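A.B. asks: One letter stands for each residue in the lines below.
2 protein chains.
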Amino acid sequence: MKKLNIGLFGFGVVGEGIYQVLSEKSQLQTHIKKIVIKDPEKKRNAPAELFSIDPNEILNDETIDVVVELIDDADAAFEIVKTALNKGKSVVSANKKMIAENHLELIELQRKNKVSFLYEAAVCGSIPILRNLEEYYNNDLLNYVNGIVNGSTNYILTKMRSENQSYENALKAAQENGFAERNPTLDVEGVDAVNKLSIIILHAFGRLISPDDILKKGITALKNEDFKYAAEKGLIIKLIAGCAVDKSENITPIVVPTFIEKSKTLGLVNNEYNGVLIGSDLADEQFLYGKGAGRYPTSSAVLSDISALRYNYKYELRKGIKNGFHGEYFAEKKFYVGFKPGLDLDKSTFQNIEESYQSKDYEYVTGTISLNELKNSGWLENPEISVISF
Amino acid sequence: MKKLNIGLFGFGVVGEGIYQVLSEKSQLQTHIKKIVIKDPEKKRNAPAELFSIDPNEILNDETIDVVVELIDDADAAFEIVKTALNKGKSVVSANKKMIAENHLELIELQRKNKVSFLYEAAVCGSIPILRNLEEYYNNDLLNYVNGIVNGSTNYILTKMRSENQSYENALKAAQENGFAERNPTLDVEGVDAVNKLSIIILHAFGRLISPDDILKKGITALKNEDFKYAAEKGLIIKLIAGCAVDKSENITPIVVPTFIEKSKTLGLVNNEYNGVLIGSDLADEQFLYGKGAGRYPTSSAVLSDISALRYNYKYELRKGIKNGFHGEYFAEKKFYVGFKPGLDLDKSTFQNIEESYQSKDYEYVTGTISLNELKNSGWLENPEISVISF
Numbered sequence: 001m002k003k004l005n006i007g008l009f010g011f012g013v014v015g016e017g018i019y020q021v022l023s024e025k026s027q028l029q030t031h032i033k034k035i036v037i038k039d040p041e042k043k044r045n046a047p048a049e050l051f052s053i054d055p056n057e058i059l060n061d062e063t064i065d066v067v068v069e070l071i072d073d074a075d076a077a078f079e080i081v082k083t084a085l086n087k088g089k090s091v092v093s094a095n096k097k098m099i100a101e102n103h104l105e106l107i108e109l110q111r112k113n114k115v116s117f118l119y120e121a122a123v124c125g126s127i128p129i130l131r132n133l134e135e136y137y138n139n140d141l142l143n144y145v146n147g148i149v150n151g152s153t154n155y156i157l158t159k160m161r162s163e164n165q166s167y168e169n170a171l172k173a174a175q176e177n178g179f180a181e182r183n184p185t186l187d188v189e190g191v192d193a194v195n196k197l198s199i200i201i202l203h204a205f206g207r208l209i210s211p212d213d214i215l216k217k218g219i220t221a222l223k224n225e226d227f228k229y230a231a232e233k234g235l236i237i238k239l240i241a242g243c244a245v246d247k248s249e250n251i252t253p254i255v256v257p258t259f260i261e262k263s264k265t266l267g268l269v270n271n272e273y274n275g276v277l278i279g280s281d282l283a284d285e286q287f288l289y290g291k292g293a294g295r296y297p298t299s300s301a302v303l304s305d306i307s308a309l310r311y312n313y314k315y316e317l318r319k320g321i322k323n324g325f326h327g328e329y330f331a332e333k334k335f336y337v338g339f340k341p342g343l344d345l346d347k348s349t350f351q352n353i354e355e356s357y358q359s360k361d362y363e364y365v366t367g368t369i370s371l372n373e374l375k376n377s378g379w380l381e382n383p384e385i386s387v388i389s390f
Numbered sequence: 001m002k003k004l005n006i007g008l009f010g011f012g013v014v015g016e017g018i019y020q021v022l023s024e025k026s027q028l029q030t031h032i033k034k035i036v037i038k039d040p041e042k043k044r045n046a047p048a049e050l051f052s053i054d055p056n057e058i059l060n061d062e063t064i065d066v067v068v069e070l071i072d073d074a075d076a077a078f079e080i081v082k083t084a085l086n087k088g089k090s091v092v093s094a095n096k097k098m099i100a101e102n103h104l105e106l107i108e109l110q111r112k113n114k115v116s117f118l119y120e121a122a123v124c125g126s127i128p129i130l131r132n133l134e135e136y137y138n139n140d141l142l143n144y145v146n147g148i149v150n151g152s153t154n155y156i157l158t159k160m161r162s163e164n165q166s167y168e169n170a171l172k173a174a175q176e177n178g179f180a181e182r183n184p185t186l187d188v189e190g191v192d193a194v195n196k197l198s199i200i201i202l203h204a205f206g207r208l209i210s211p212d213d214i215l216k217k218g219i220t221a222l223k224n225e226d227f228k229y230a231a232e233k234g235l236i237i238k239l240i241a242g243c244a245v246d247k248s249e250n251i252t253p254i255v256v257p258t259f260i261e262k263s264k265t266l267g268l269v270n271n272e273y274n275g276v277l278i279g280s281d282l283a284d285e286q287f288l289y290g291k292g293a294g295r296y297p298t299s300s301a302v303l304s305d306i307s308a309l310r311y312n313y314k315y316e317l318r319k320g321i322k323n324g325f326h327g328e329y330f331a332e333k334k335f336y337v338g339f340k341p342g343l344d345l346d347k348s349t350f351q352n353i354e355e356s357y358q359s360k361d362y363e364y365v366t367g368t369i370s371l372n373e374l375k376n377s378g379w380l381e382n383p384e385i386s387v388i389s390f
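Those protein sequences? They're chains Z and L, same order as listed. The numbering of the first sequence is full-length UniProt numbering, which starts it at 1 and goes up by one. The numbering of the second sequence is full-length UniProt numbering, which starts it at 1 and goes up by one.
Only true hints are included.
Each pair may be met inside one copy or between any two copies, as identical chains are not told apart.
With a cut-off of at most 20 Å between alpha-carbon atoms, the simulated EDC-like pairs for lysine to aspartate or glutamate come out as follows: (1) Lys223 <-> Glu163; (2) Lys247 <-> Glu24; (3) Lys3 <-> Asp61; (4) Lys25 <-> Glu285; (5) Lys25 <-> Glu249; (6) Lys43 <-> Asp54; (7) Lys112 <-> Glu316; (8) Lys25 <-> Asp246; (9) Lys228 <-> Glu384; (10) Lys25 <-> Asp281.
Because the hints were derived from the structure by calculation, they are not lab data. None of these values were measured; they are calculated from a predicted model.
If we strip away everything but chain Z, and leave its shape as in the complex, we get (with noise of 0.2 Å):
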């Protein structure tokens, strides 16, 4: 087994939880050479000789062979990621949005160098989905992937439904308990699901697909009357990111909310759980589950992620890597879409009426869409429309 130098950009929490674990555990026989930080006069738990505000002695010292990359700024993360690549170091990072946002280019950097690039922490914290993609379900007969990626919203929808909170209300919980940002919109209008759902849906199905083609609803457009309807219908709320794949390789990727039954296995995952179903012609449908928010979930994906570089572990991306997406879908679902009254909805998108409710207060129909309409429709963006799936 290899033992590791590594340079550590980023100390905030899980790279202090990093730092002390490898300290502990000498007999991971990884070593902690340097420590890149953005603000010297801070203080930090560990000797001051560790730290550095300059990358490059990291990135120029030949002995170290594996970066571990935990900052918050996705532009800079990229820079140091790809000139680590580059010179020949392996390469552990959590950050989605980079990730996503750059996937190919780091996929071939990390083949040209001869490297390993691992992400495990940046999808459903300390859920192992991405080596399970890559491992079990190499095969072409996976069918579709389903999965609540992002703890911050489950936790809110979970205390919405259980404790009968307002979305403020259980946002502040949420925020107070470590599992939302102060800054919570990336969370609630659905981007990190859809950075993780690109992500997945390149191991899942070598797929390469932009974030801006993934259909995408957050959760701050639902509305008590939605949540009346689901308890009517002994059905609760999840925001669900998924992706099928049809017999002609037509894919549909769509990160919004879904109604579910209490008693399906999504219904399980409750508060800032995650959990993935992935479904496969030869492997039944199987379930991963685990906490998704919080620190220390993402340490331990990080730690096995260095555990596995101990023996020059990489993702092999066997499915290949195509063009996931051709500016059309080519699938339809059903949709429950409310609104307040007076709001003058186009009801020709449906392609099919199964309710239709009006009240004084609250307006809902249900129904068939095809995902192009429903892209066309404009309705995913508009905060006064609420868009649930079935």
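Using the hints provided, position chain L relative to the given structure of chain Z.
C.D. replies: Chain L only, in chain Z's frame:
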């Protein structure tokens, strides 16, 4: 990707299912060349020229590179697998008894002959537990594996609790639904779970342990009163196979009915489902969940193994193979021990007693017992005595 020529032993429900899938999915590039069966008279859903009753038609055919072994008889299976490995063929098997009893020899044969021997289907049906233990938890910091690994007993226990059925009726329902064998002894006495646990322990901890050294209590001694006790305390009873490793590398392998809280993760595993919790210093607690009993899960796991052979996957057992057990258990646990009055139970087996209950119909004692004492007590083998772990 390699094209595979397969020789199949056994054409029961799993064998036939695999034949069908491989015939339909040409993209898998696998081809079943010969199927060896016992009874040449039986009608089969495949061309007659595929069948033979002579094992050598597969074993001596140099163009066959993969043997898929799906027969019931563990001894005959062992001979087939040994010969196949020695002839340089890779092998996929679902025969947990055969593997648990001959694990070391089989692994040595695999290494010596530089072939693959895969058996994901032998443990927890379609859940990729071995693959995960091999690939993701390949570090020195795994603390425990706790699982519901037998679908038949989990189905029976679920029915007994949720529908208040008697053991006999629940067993009958399990048999009618294909989740229990006509002769259910191996399942209900915990033998099947023990075999699976011994396989898990090697992949999880790199420790070789004979099934005979795993403490074992099945579900047949459980009485109504035990379920009543559980209900009163808000607990449910599950047959849990578990192994923890302590800081001195002592392991505590045990299969025993266990009280758990309904809301705990393993409490979510009902009916024929299996679920495994993996605890590690690095990777937080992970949970893998899927179908454990029945035709389809076994077939799907076998097919996944076949698929993995296309890229030469093999178990590396990077944690090594150490002798797992030195005749003593170094742990103690809290147990509930229930029995009918009149049975002269030696209570000095308990290190300390927490509760003690007597009525004219039933008695129970709860308290801490060292696993060594438990083994020596004879209670595990006594069908009159319920032993349930907390």
